[in-house]
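**Q** Chain by chain, the residues:
There are 4 protein chains.
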Amino acid sequence: MIGYAFMGKAHSHAWRNVGSYFDVPAFEQKVLVGRNSAGAAAAAAKYGWADSSTDWRSVIRREDIDIVDICAPGFLHAEIAVAALAAGKHVLVEKPLANTLAEAESMAAAAREARAGGVQSMVGFNYRRVPALALARELIAEGRIGTVRHVRAAYLQDWLADPESPMSWRLKRETAGSGALGDIASHAIDQVLFLLRDHVTEVSGRTHTFTTHRPGTQGLEEVTVDDAAWATLTLASGAVASVEVSRVATGQKNSLKLEIYGDKGSLVFDLEDLNELRFLDATVPVREQGFRRILVNEPEHPYIDAWWPQGHILGWEHTFTHEIRDFLTAINSGAEPSPSFDDGLAVQRILAAVEESAAAKGALIQLASPVKSPAKSPVTEGA
Amino acid sequence: MIGYAFMGKAHSHAWRNVGSYFDVPAFEQKVLVGRNSAGAAAAAAKYGWADSSTDWRSVIRREDIDIVDICAPGFLHAEIAVAALAAGKHVLVEKPLANTLAEAESMAAAAREARAGGVQSMVGFNYRRVPALALARELIAEGRIGTVRHVRAAYLQDWLADPESPMSWRLKRETAGSGALGDIASHAIDQVLFLLRDHVTEVSGRTHTFTTHRPGTQGLEEVTVDDAAWATLTLASGAVASVEVSRVATGQKNSLKLEIYGDKGSLVFDLEDLNELRFLDATVPVREQGFRRILVNEPEHPYIDAWWPQGHILGWEHTFTHEIRDFLTAINSGAEPSPSFDDGLAVQRILAAVEESAAAKGALIQLASPVKSPAKSPVTEGA
Amino acid sequence: MIGYAFMGKAHSHAWRNVGSYFDVPAFEQKVLVGRNSAGAAAAAAKYGWADSSTDWRSVIRREDIDIVDICAPGFLHAEIAVAALAAGKHVLVEKPLANTLAEAESMAAAAREARAGGVQSMVGFNYRRVPALALARELIAEGRIGTVRHVRAAYLQDWLADPESPMSWRLKRETAGSGALGDIASHAIDQVLFLLRDHVTEVSGRTHTFTTHRPGTQGLEEVTVDDAAWATLTLASGAVASVEVSRVATGQKNSLKLEIYGDKGSLVFDLEDLNELRFLDATVPVREQGFRRILVNEPEHPYIDAWWPQGHILGWEHTFTHEIRDFLTAINSGAEPSPSFDDGLAVQRILAAVEESAAAKGALIQLASPVKSPAKSPVTEGA
Amino acid sequence: MIGYAFMGKAHSHAWRNVGSYFDVPAFEQKVLVGRNSAGAAAAAAKYGWADSSTDWRSVIRREDIDIVDICAPGFLHAEIAVAALAAGKHVLVEKPLANTLAEAESMAAAAREARAGGVQSMVGFNYRRVPALALARELIAEGRIGTVRHVRAAYLQDWLADPESPMSWRLKRETAGSGALGDIASHAIDQVLFLLRDHVTEVSGRTHTFTTHRPGTQGLEEVTVDDAAWATLTLASGAVASVEVSRVATGQKNSLKLEIYGDKGSLVFDLEDLNELRFLDATVPVREQGFRRILVNEPEHPYIDAWWPQGHILGWEHTFTHEIRDFLTAINSGAEPSPSFDDGLAVQRILAAVEESAAAKGALIQLASPVKSPAKSPVTEGA
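Chains as they are written, first to last, in our numbering: chain R, 58 to 440; chain X, 58 to 440; chain G, 58 to 440; chain W, 58 to 440.
Incorrect hints may appear among the rest.
What the hints assert, rightly or not - Calculated lysine-lysine pairs in the DSS-like style (CA-CA distance at most 25 Å, straight line): (1) W:Lys87 <-> X:Lys418; (2) G:Lys229 <-> G:Lys418; (3) R:Lys87 <-> R:Lys66; (4) G:Lys418 <-> R:Lys321; (5) W:Lys314 <-> X:Lys314; (6) G:Lys229 <-> X:Lys103; (7) R:Lys103 <-> W:Lys87.
It should be emphasised that the hints constitute simulated quantities derived from the structure, not laboratory data.
All values reported here derive from a predicted model rather than from experimental measurement.
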């Protein structure tokens, strides 16, 4: 594993625990790679890795390494992933796939080539492994909400609500690529694609930076990424999705909100209540219709039979446990893990189109059909 | 109508508006009676009554009066009601039926006798006319939640939470009869009887006064009624109901909470969300079970087709509009209005048993079978 | 009053009841006007009007008429309102002000001229009189949420979710003007202006018709209005508002959702819970921050001291009671009622810009400054 | 660790992960003990234990063992715990402390004696380590809700709602001790003591078995434990707590509900939303009072700074991680871990009094003062 900050800590949790809950192939947590030698060594000890290193290049060449899990910052994704795939290692890379569309395209191409040789890859949109969202996808596929007309997707946070909170690398375009768009709109958009098994044909968007300057080490510095963004997406099916993301939505801590409206029913989800799914079945008599709060904690629900009895709620970190489980299972069976780098690329293209539309004052941007449909996921998650 | 304080204002609203929504027999708001001549006259003008009076005795003898609506304080209920029934007037009396069991019994006897002569009577448990609770009763009767095992009933308010709030007649046993028990436990207990169409065979109870002295006109005075009470009730069916009421539940403004657990489903209600009923149907597959929030605002719901399109919520005051509608409809058809004085008496007996048990340190009190079963309500409310 | 359908019934409720709760100048419900003589007569009797008529022109000339309340369909608003103002009658007109921008402009001009002569006018955006929204406006004005960054406004209904529900005049452009846009986006946009006391400078929008043909009397007919719309609005202050409306949001019955995010706090509202306002105060210590559910039912809240004790919730129809109260109070004091026809016109201009942008594939439309700032409302609602 | 069923799995999770989040003394997961040799070996491998055994007696004598974690069934607690303490091992035992009061008393006596020799012990009421409940306790101690008047505690589950669900050892008095009472009322009662730092002086109770016979291996067998129970508790402070527990509350999966009403505020909690605490501060102006939903996920909250950024919710299993952390920290510092066996004994005495009262038809049972006040916890949890 490369990287041991927030995502490295979360992925380590998953690697350390997946085997205690799921029947997965045997593996060892071999080596943790970081830029700082002492830091990497301490993190390796703390998070359950046998060894540590500061040289990812030598690690990915090691014979005893089969899998590379990339939790490094986004600008390093492409170089490491392409090299690791070339070295014949299966690769898991955190989302978003890359900071630029060009990088994402090179990664997707490398992944396609590697796959032909039996080397697997996956992008870490962990919210696909929230049991409630996996259930939502199943219900949609089963036709339980009928034809989807529109989706309201929002990802709201507030960690930049204070205009005095300081400048950081995340607020500069050269290091972060974009702001709320790449960081959290990527999740929201991936969910639209995941839940509807569809692709986007048209995009209109807008971005905004409410706090344009923040205190840096040399006085006020310019913020060069968005802190909020809005978009509408047309899907191939004709459905329309609105997407709204913000890092200044005071009081919203980590609220990925999804509302999916079909002609036979609806689904509503909020990541702050990640064990719950609201489902309205419009085919029951009107007299007894209403949004049901399903506590997605029953053995009948995706991933849950591995855990606790009903009503003992799961934490956010286990979305990664499920991700690793599905990744290992796919590798073992030779199936293509999902979401693929192509799925990650599809999200990047939509993000790029939002920025293009925003630069063109909201003009509608057409998107070409995806290289391959993300709808045909060979691995059924949580099965 | 006799009385023009809180309840008089609410009943007036109902009389003034019922004909604009429901097909009811024609009637006129003839005369409003109050102790204070000027006050009654002003209230009559404000609330839509043609005339006012300070003498209820002469009013109930008037030939042009057919119905007497008693909103006077509880200690006057028995005298007025018995006299009005004797004068051949149909009588609606606010809950609780009376301040003492003896008075309640005399009223119920008078009502039975009057009914034989075609003179009708009704006690104003207005929450039977909350559409969501009327729907709950229907669902239970249809077997949608199966056999009811237990009920959690609570009525929580906080208007006495401040220990400095002053002494009043409501806090003295001689004027108020009891505290939270008679005032709000009466509603909670009536709902248990109404929803389950059952009667109580055993009672265990406890009462408490948290603030024993309050500032009065002559310094600190003793509070001689309860400000909270707890009881468990055994029903003839074997179901058990817990009842908890409080006037010091800080932050709970007017929260009548009902939870009914059956072997095939459950229902949950809170008066602070009076347009909503939560319903869990345990006969659907576990994977999609959950409490549904039914917005009880559809034409298919009790009373609603008279009002607005879906989603336009009704206020608390219309529980009285529905009550008057049902009362007028019953009178017109010759049917027995529900809840009857016997129903009111059944509640009084349970309240008395709670006090008796509390005085006996929680000992279980047996109740005799009701004079007649409250289960056979000849009028289906809201039909 | 002209018109006795849904809005006529609701306005009648307000006229019939306002005097029972509020100190308003004396008035009489003189005459109800409708196209059908028998229907108007029956409605007049039912809703408390002394007389009825089929000829609005003669009615507005009557000496004993001082106020005209226009609940007729939108395409009649302009003609009636301009004539009534010219006849020296105070005019209340239901929202939206008119079906076309040209009509709205003529009405606003007439209203300005009439006002100079002491004749008042008002447009019926009744949700300004929801106590929770009036409280929200006060809190924003007091700086309790600081500088507003962005607003999420949505109005979701589902009465067209069923693709088989039939064609009606509301689904034809020539009769309805627009679809969800004029009908419900008008409310959402008015709230943005009302709450923020600001005006819109830039608009980008999109509209969509999910069900393009519906069964009519002669087979399938084309739906020529939108059933959903999306927009982003830039406000003069720099705030951005997203607006999303739909009539096919299955399970959402009448859900006007408003979320206002400032740098010191936030407010959240849903019309389906119209007695509640959620308020997050970001100036209290983080450890105890959270959205508070304020039950807007206390004497300290706008309009409430006229009603019931705390916790006895108000219904939707009383937004009109408050509206009539404020209208009468303004007329009596000579103050300008709010919202004015200019306020109604401001909303129409934004709606027109949404359609213009939608036709131009999302291009940003600039709006001129309003004739006068809607921010300076001379009447403080609910005071 | 002894036992590897539900609780063994959960405790293992905690031991395996605590060091990755908290600074705790170094330790090793040495040996897992179970009755079945193959089962214990497989569980040891899966859950991270170096070795396994079927002989707890030999294991607790091993020199390299310092801590014994008892997850065996309740009837084994006393024997193992007393032996382990005698062998000088620190002991953690799952709740409830024991199946009988006599056993609990012997354990508490052994723990007191061992403590004098520096050997520590703790009972595993893990819900004391829910961050939201630890925060609730802090707020109460700081006087934020003033003097507590009453508490509503309920623990509702539904896994026995189906009358056809089969007989098991949990439904027999000889193996299970009691039903819902020992299993879940113990948690609810411990929370009352924990949150209020108080002790109980008087108990009145009732128990019931709704389904008296269930299908067993030889036909219908008698259920000899309760499946629901009700109690009221008087606390030394004068506060009154109601407790209601059920295993047949259809639709309630694992709902420990706590409502604490003080004269200056209130707190509400539900285990099904374990990352949330509702707090009403009655000292702010009435106009802005309301229950705040605090997402207890901020670095300022108990235990949270070890985990993820705000809004990334924690799962149920981490209540054990926190428990192990506090246990290890106390051992290391020589402080007395909390809750002690005396705290566990206090709960047992209350449970016994509920049964005694139930047998005496609800009569009030007086409780002696506790051996030592549970209020003086030397370790502040989550500090």
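**Q** So which of those numbered hints doesn't the model satisfy?
**A** Violated hints (numbers, rising): 1, 4 and 6; every other hint is consistent with the structure.
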